[in-house]
Amino acid sequence: MKIFVCVKQVMSRDAALRVGGDGLWVRDDGVAFETNEPDTFALEEGLRLREKHGGEVVAVTAGPARAASTLREALAKGADRAIHIEDDRFARADTHTTAAALAAAIGREPHDLILTGLQSDDAGFGQTGVILAEMLGLPHATIIMKIEASGGYLRCKRELEAGWFQTVTLPQPALLTIQSGINKVRYATLMGIKRARRKPVRRYASTDLGIDMAPRQEVLRLYQPQQGKQTEFLEGSAREVADQLLSKLRFEARVI
Amino acid sequence: MSVLVVTEHHRGTWHRISMEAVAAGQQAAQAMRCSLAAAVVGSDVGGLACDLAHKRVSEVVAIDHPQLAAYSADGFAAALSKLIDDLRPRLVLFPHTYQVRDLAPKLAASVGTAFVSDAVGMRFEGGEPIFVRQMFQGKLHADVVPRGAPPHIASVQSGAFRAESAADGDEPAPVRHLAIALGEGDVRSQTGQPYQDAQDAVDLSAAKIIVSVGRGIREPGNIPLAQALARALGGELAASRPICDSGWLPLDRQIGSSGQTVTPDLYLALGISGAIQHVVGMKGSKTIVAVNKDRGAPIFEIADYGIVADLFDVVPKLIEALGESD
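These protein sequence lines map, in sequence, to chains A and U. Take 171 as the starting number for the first sequence in the numbering used here and just add one per residue. Take 29 as the starting number for the second sequence in the numbering used here and just add one per residue.
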């Protein structure tokens, strides 16, 4: 099975977010980056399917030069090769642009299955996978918790709301967006990291692929959210704060 | 020119966010000075269409087809593409549900247009909508505008608009049936009936007090600390998604869009950042207390009482103080 896993590099979960001077995005200087966590579950699922059915796992990203480290991490965990569609503008591209880039690169090769995380931890539109499927003319299913492949079909457990699930069966090739928690993600081994150095990474410039970079949506302003409620912050030593809180809950809120 | 609201229903009843989307549609149609159409898609949806016609809308469009009895991305996208061709709306609004997450990006891509997903607010400048959405796990907000030719598509987050504010019309709106042709081969997926995993489900919705833990609990060995606080308060223990994903607590104790929705008297969030997916499951709680090291954590936006501190310092003191007062 030829499996493509789309990965994105995002700011580390713990990074301090500072809105940049243009008020349109966050400053990325002096910030650590990591692989978008939902994508790590998609990669793990791809590796497990390859281990079961044979074939190849290709990690693909549309990102700036720094995103090469996310591809290296995927290779170290076991992806066979990687594709990097490189353009600084991908760092804050909208879902349509990102999907167009991924579609241009993946569309050139035969593919049986494409996996993505269900959303990114930065912009979080949660659309790229589905748009990519539509651009490639593939059927898709989202928020997948289990995949069984046999006879050219994928039998998937799809998560619905409030603890409900549903079985969706799709013919291959298809695209699935993977729910976080579907599996236990492996760590890269030392041997894996060594091997990754020799694995091929194909680089494209966005101009090589003739990608439509015209955004379908645009951020006008990025800002700190306004306080929805008047939060009363309690201060002091741990014991003082504990006493204050219990007193508030007993006599003000009257909930304990 | 019109605004179109696409509703969602399951087995004959409205998805609760549907009427919130209708309320958003009414606001949009007024601000954009155009008519409002509301669509219902499925099989045997005549009754729902008549019900929807009581709302203040210009018309209800029912797309009724046996192939649409169960949701499929192919079937629903084909139906709505046809409706968009027919109606040429400027704006299409959806409730932000799991189904819409599956459907709307495909519809937008097939029409070649924008989809602004999961809006928490909407305002208008010069008759054009500007959507507010959360970014960076809810830590920042962004004003987002669709670009390119209409129709523009957007979805509204649960709770962003009030269902009660969806006004009724003076008289029922006309219901129009739009016929579509869907063959066997047009829907590539097969979907089964919804089911729940067999489990001794804990019903947290009845709990008066809930102590809930997030990533800040750091490791499974620390869960008993939160458990001890829950016990001292006479409450139930719950968690955000990452904790249940890691298997530190069973899935039936998960609060949020994929877990349970709760409205206890007291919700004590320990080390929970307050991502949207969690907040939708607990924001209706009467009193919310948040303990988090990060002053910028979005959970503080909805908390009544906030403690910016390490939960490992504060929780033992809370247990201690509760023990003394008994």
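Keep in mind the hints are simulated off the structure, nothing from the lab. For each residue, glycine too, the CB sits at the ideal point set by N, CA and C. Careful: at least some of the hints might be erroneous.
With the Cβ distance kept under 10 Å, some of the chain U side facing chain A (calculated, not the full set) [what the hints assert, rightly or not]:
(1) D92
(2) P94
(3) Y99
(4) I158
(5) F159
(6) E192
(7) E199
(8) S217
(9) E264
(10) I330
(11) G334
(12) S353
Straight-line distance between alpha carbons at most 30 Å, and here's what the computed DSS-like set of lysine-lysine pairs gives [to be verified]:
(13) A:K354 x A:K369
(14) U:K167 x A:K418
(15) U:K314 x A:K418
(16) U:K110 x A:K399
(17) U:K167 x A:K354
(18) U:K110 x A:K418
(19) A:K316 x A:K172
Computed beta-carbon distance windows for the label pairs [stated by the list, open to error]:
(20) A:E226 x U:D341: 47 to 55 Å
(21) A:S239 x U:D341: 49 to 57 Å
(22) A:Q400 x U:D214: 47 to 55 Å
(23) U:K314 x A:L390: 31 to 39 Å
(24) U:S138 x A:M361: 27 to 35 Å
(25) A:S407 x U:S138: 40 to 48 Å
(26) A:E388 x U:E87: 28 to 36 Å
(27) U:Q218 x A:D192: 43 to 51 Å
(28) A:R188 x U:G249: 33 to 41 Å
(29) U:A97 x A:D258: 44 to 52 Å
(30) U:K321 x A:D192: 27 to 35 Å
(31) A:K354 x U:G140: 33 to 41 Å
(32) U:A97 x A:G225: 31 to 39 Å
(33) A:L390 x U:S193: 22 to 30 Å
Hints versus structure:
{"no.": "1", "hint": "D92", "in the structure": "violated (22 Å)"}
{"no.": "2", "hint": "P94", "in the structure": "violated (19 Å)"}
{"no.": "3", "hint": "Y99", "in the structure": "holds (9 Å)"}
{"no.": "4", "hint": "I158", "in the structure": "holds (7 Å)"}
{"no.": "5", "hint": "F159", "in the structure": "holds (9 Å)"}
{"no.": "6", "hint": "E192", "in the structure": "violated (19 Å)"}
{"no.": "7", "hint": "E199", "in the structure": "violated (34 Å)"}
{"no.": "8", "hint": "S217", "in the structure": "holds (5 Å)"}
{"no.": "9", "hint": "E264", "in the structure": "violated (14 Å)"}
{"no.": "10", "hint": "I330", "in the structure": "holds (6 Å)"}
{"no.": "11", "hint": "G334", "in the structure": "holds (5 Å)"}
{"no.": "12", "hint": "S353", "in the structure": "holds (7 Å)"}
{"no.": "13", "hint": "A:K354 x A:K369", "in the structure": "holds (24 Å)"}
{"no.": "14", "hint": "U:K167 x A:K418", "in the structure": "holds (27 Å)"}
{"no.": "15", "hint": "U:K314 x A:K418", "in the structure": "holds (14 Å)"}
{"no.": "16", "hint": "U:K110 x A:K399", "in the structure": "violated (43 Å)"}
{"no.": "17", "hint": "U:K167 x A:K354", "in the structure": "holds (27 Å)"}
{"no.": "18", "hint": "U:K110 x A:K418", "in the structure": "violated (57 Å)"}
{"no.": "19", "hint": "A:K316 x A:K172", "in the structure": "holds (18 Å)"}
{"no.": "20", "hint": "A:E226 x U:D341: 47 to 55 Å", "in the structure": "holds (50 Å)"}
{"no.": "21", "hint": "A:S239 x U:D341: 49 to 57 Å", "in the structure": "violated (35 Å)"}
{"no.": "22", "hint": "A:Q400 x U:D214: 47 to 55 Å", "in the structure": "holds (53 Å)"}
{"no.": "23", "hint": "U:K314 x A:L390: 31 to 39 Å", "in the structure": "holds (36 Å)"}
{"no.": "24", "hint": "U:S138 x A:M361: 27 to 35 Å", "in the structure": "violated (45 Å)"}
{"no.": "25", "hint": "A:S407 x U:S138: 40 to 48 Å", "in the structure": "violated (59 Å)"}
{"no.": "26", "hint": "A:E388 x U:E87: 28 to 36 Å", "in the structure": "holds (32 Å)"}
{"no.": "27", "hint": "U:Q218 x A:D192: 43 to 51 Å", "in the structure": "holds (48 Å)"}
{"no.": "28", "hint": "A:R188 x U:G249: 33 to 41 Å", "in the structure": "holds (34 Å)"}
{"no.": "29", "hint": "U:A97 x A:D258: 44 to 52 Å", "in the structure": "holds (47 Å)"}
{"no.": "30", "hint": "U:K321 x A:D192: 27 to 35 Å", "in the structure": "holds (30 Å)"}
{"no.": "31", "hint": "A:K354 x U:G140: 33 to 41 Å", "in the structure": "holds (40 Å)"}
{"no.": "32", "hint": "U:A97 x A:G225: 31 to 39 Å", "in the structure": "holds (36 Å)"}
{"no.": "33", "hint": "A:L390 x U:S193: 22 to 30 Å", "in the structure": "holds (26 Å)"}
The structure does not agree with the numbered hints 1, 2, 6, 7, 9, 16, 18, 21, 24 and 25 stated previously, though it agrees with the rest.
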